[in-house]
Structures are given as C-alpha cells and as structure tokens.
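Protein chains in written order, with my numbering: chain A, 1 to 302; chain B, 1 to 302.
Just so you know, the hints here were simulated from the structure itself, not pulled from any lab data.
Just so you know, nobody snuck in bad clues.
Sample of chain A residues at the chain B side, in silico, Cβ under 8 Å:
(1) S51
(2) E56
(3) F108
(4) K110
(5) A119
Simulated pairs of lysine to any residue, SDA-like, Cα-Cα distance not exceeding 25 Å:
(6) K22/A - R59/A
(7) K110/A - N176/B
(8) K110/B - A261/A
(9) K289/A - A261/A
(10) K110/A - D55/B
(11) K110/B - G250/A
(12) K110/A - I249/B
(13) K22/B - V87/A
(14) K188/A - Y160/A
(15) K73/A - E56/A
(16) K110/A - D173/B
(17) K110/B - P254/A
(18) K188/A - I125/A
(19) K110/B - T248/A
(20) K110/A - L18/B
(21) K244/A - E178/A
(22) K22/A - D127/B
(23) K110/A - P280/B
(24) K110/B - V150/A
(25) K110/A - S171/B
(26) K110/B - D55/A
Positions of the beta carbon are idealized from the N, C-alpha and C atoms, including for glycine.
2 protein chains.
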Amino acid sequence: MSFRGVLVPVATPFTADLAPDKGKFIALCKAFLAQGVAGLAIFGTTSEANSISGDERMRLLEQLVASGVPAEKLMPGTGGCSITEAVVLTRHAVRQGCGGVLLLPPFFYKGVSDDGIFAFVEHIIQDVSEDGLKIYLYHIPPMAQVGFSVELVGRLHGAYPDTVVGLKDSSGDWSNTEALIKAYPQMKIFPGSEIFLLDALRAGGAGCITATANLNARMISASYKCWQEPGADARQQTITKIRKAVQTIGPLVPVIKSYLALKTGDPGWSVVRPPLIAMPEDVVVELDKELTGLGYEFPGVT
Amino acid sequence: MSFRGVLVPVATPFTADLAPDKGKFIALCKAFLAQGVAGLAIFGTTSEANSISGDERMRLLEQLVASGVPAEKLMPGTGGCSITEAVVLTRHAVRQGCGGVLLLPPFFYKGVSDDGIFAFVEHIIQDVSEDGLKIYLYHIPPMAQVGFSVELVGRLHGAYPDTVVGLKDSSGDWSNTEALIKAYPQMKIFPGSEIFLLDALRAGGAGCITATANLNARMISASYKCWQEPGADARQQTITKIRKAVQTIGPLVPVIKSYLALKTGDPGWSVVRPPLIAMPEDVVVELDKELTGLGYEFPGVT
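Given these sequences and hints, build the entire structure.
The structure is reproduced here in structure tokens:
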C-alpha cells in the first residue's frame, strides 16, 4: 500500500505546561479520519515536531496506535539532524506498522552537498534495515533551507526504488512540484499546499499534505475525491481562497492552533511551544469573518 | 568562575562505523588543555554536535569527566530545536559540573520573533532550575539562521544576569561583536574566530571560541596570553593568515578533520558524519604547504 489523497500534518495539542496532550491528539486524529482524509502525517512542521523530543514523539505514536488508529494510515515525521536520532525514530515508526515516514534532510549545516544528503538517507535506510520502510522525502526549503534537489530525488529513488517511494514538496514552487511529478512518475509526489491540489492531480501527483487540512479536511478531501467530476475548478477555487486567507493573516502554525481555540471555545488549543507564539484573538476573529464569507464551515475536532 | 581566554570547539572523532571514538576524543581534549587553552566548548558546530544524538552527547560528556578532565573547563553545547531536549542536555551538563553551556537558539522555524526565542531560553532556565547554570548564548546565523539580536541579548541578560553570562558570536560580523561588547560590558563576549581576537580583547571582550583552535591551539592561546605584550599585532597577523588559509580552502569541519588525518598519519581522523563529506587528500596537502609557508607548526593531538 502507498499513500494517495489528502494527508493532514496534525497539529500537536499541548497542555498549559507544554506537555503533549495525548487525549486531544488522539481525538483530533480520529476526527480527521472521520472527515475523509487518506492519512495522517503526524510530526510534521505544523505538528511542531522539531519542538518535541524524540522520546515524546515515540510515546505519542505508541499511544495513537494503541488507541485504535490504523498504523498504515500514519506517515510520521522521523527526520532529524543526526543519523542516530533519525534511525531510532524511523525504526520505531516501521515497527509500529506505519504506512510510511516523512523524512526531513539534516537541517543544521547549510550549503551541504547532494552527496552528503544522499549519504545521510542511505545510512538511515541501511541502518534501519526493515523491509516495511517506505520513505517520503520532505522538501521544505523555507524552513530547513537544506533540500532535496530534483536530481537528488532521482538518485535516491533510483538506488532504493522500493524504499524511497514519495516526496512532500513544501517549496511552494509549483514548477518544482511539476518537475518532480514528470521526472518520477512511479513516485508519489504531494505538494505541501492544497493550492496545487488540482494541478498536481492532473499532472499525475498523488494528492496533497497540507497544514490547512487541520481546519478544512472535509472540503479538501472532497475536492480530492471528486477531482474528475464536474465543478472541480470551482471547488479548487474555494479551497484555494480559504488557504490563502489563512496563510496571509499570520504564521501558519499559531494561526491554525489559535483558530481551533476560537472555534472550539477551548483556549487550550492555542498553546504552542516556544519559539512559536500564540496569535492574538482579534487576528483569528478577523480570519473567522473572512472564512465565513468564503463559505467555510468548521468541521470540528472530535 | 567564568570563562576567559581561548576555547576549542573540539572536533568529535568517529570510528569507521560512525560511532563517537571515546578514546581519541578524551586524548584530544587533554591535548588542547596541555596546549594552553582556557576551556573546551565541546559539542559545538565544529564538533558536529547536531549530528550526534542527545544520548550520545551525554555519554561522551560523562566519559570525559570520568577521565579526569576538569568539568569546570567544559562549555558543552546543549541547545536543540525542542525545549524538552535542551532541558535534558542542559540539566545534565550542570549536574556534571560544567563551567557553562553554549546554547543555540531553536533553529528549525525561521522568521520567529525575539519574544519566541526569549520564551524558549526562559523556559529552559526555569525548567532546569539549577543555581550552577551559566548560559553562553550561541549566535551563529550562517548555520542556525535564527539568532540572538543585540536587543534580545540585553533582555535575556537583564532578566537573568547571573545565568545568561556570555555569548559566542559566530556571525563573522565584527560590528555585531563590537556592539555586544560595548552594550553589555558585564557579559563575556567571545567572537567565533581568532581573526577578531585582538580587536575583541582591546574592546573588552573575553577571548575567542574558534574552530581552528583544533589545529592551532598553542599559537592562538599564546596570542591571547601575551596580547598586552610587544608584538601583539604581528602575532595576530600570523594567526589571522593561518585561519584564512584554513577557512578559504573548503568547509571548515571536514578541512580540519582531514588535516588532522594528514598530520597524524591516521586516516580515522577524517571521518565525518553525513551530511558532511571528508575532504580529498590533495586539498589538505595543498593546505599543509600553505600553512608551512606561514610558519605554522602542528601542535599534535595527544
């Protein structure tokens, strides 16, 4: 099985003292599956994964699987700056039965070579040494700076065609996503925003993995499922407008979490770990007016 | 006690299978102390700290202290992208008796606010809650992108004057280092390169913490100790020329490690963890010719 469709990089709820809120997290994951998404890309950028230690992530994953969420629907982020940490997290995810992992490149050193990133990924594959390992490369140059070039993706997929099976492209650059889809039709390529969903599907892409699915999973999933039905362009326009309203008003992660707090009436949703900072309420009240005008309906978190 | 003088961000030797080489690491640390440095900033950028897991770093630190190296001479890097990991590493370093810690800002999210970085550091200080904690902020925008602005340094030092006691400035921008020294004369400010050593000392800085001390600890330490003696400018010129030769020929960490391999005749020194890549031998042979012409003498690693 490989992933196809809309995946949510699930926001990680925290308690007031900044511990992961297991109960809210599990409920949120189940809500998204009920809203029709194909999978859960937990521990991504929107999940504040790099603000959560490896041990905390492994415990949360175990609790999520134990709660009955099917592990094959999970694509946890398991990257890190060190091969040792990435190996531990990746092996753990495979042994939990996860359908795939989303792998960041090592992102501390800048200006590193493709050879160095290739060696990093290869080392993880060889050290983890599990047949069930399915890697989705995570290209997000706005945050990681270090990225997977189109050529490097080809080298990795060529060397490990059954393991390096897909990519999430959060470059925000459609021409890069399109180049990847055209170059590697066997791979599952996901743009990192629903703005490119219809374009990606028409070009041969696999769906999208998008932060704003935390707010709009039902509508984005419907757009995916009906993309060959009449009205696809109109549906795309609506989800694009909603996405743009959200991403324009402030930094994506705090906006999403503070908006969840507004819509649920539970201020606990707005808690982020430093260095992120929660949004002032007036900003999300403003966003709410704008979204309502666009026909948006909050699908809930439980 | 606070640090003053030349500190080495000690290169971390690895075995052929990329495990930390404890024996070589301890010998190297002892060699630098014998060569006259004031302290060891282990687990910095040159140490490939972010390529080494937290558990590996804690074990190495324990082994180093157990080997008889005085803990008060150690300033380990204990930063990370997550408060949970930074708290564990920082508390561990304090309990091992380290004279200070070098704290990176969280470096995954970009474009974060000073308020967010302040909250990150404050959370660590409050959570660690150890009187012995002495934080040296680690400003290295070429790698971390996220940095400590001059104003933010003042806010942190103002709020925690007995805890936030110093800073390493690896911006490479002397005007920034000078602004910090002038603004916060009570703090120990270390430029991240010996190129600025004499300028820093004359302005009121505390010394330097520099990658190339891995190759040239004796000469840089002598420049520090005799900075008010005749010939200081000439000595500064020599160490500056040597530094520039090293940093111009290739990426600093692989150049330093491959050069150690050349000078010791032990190829094991050249091993780096991905995403870094060892330097070709001809590059360091070329460097060796250049350094010899500048009057450089290799002080040894044992």
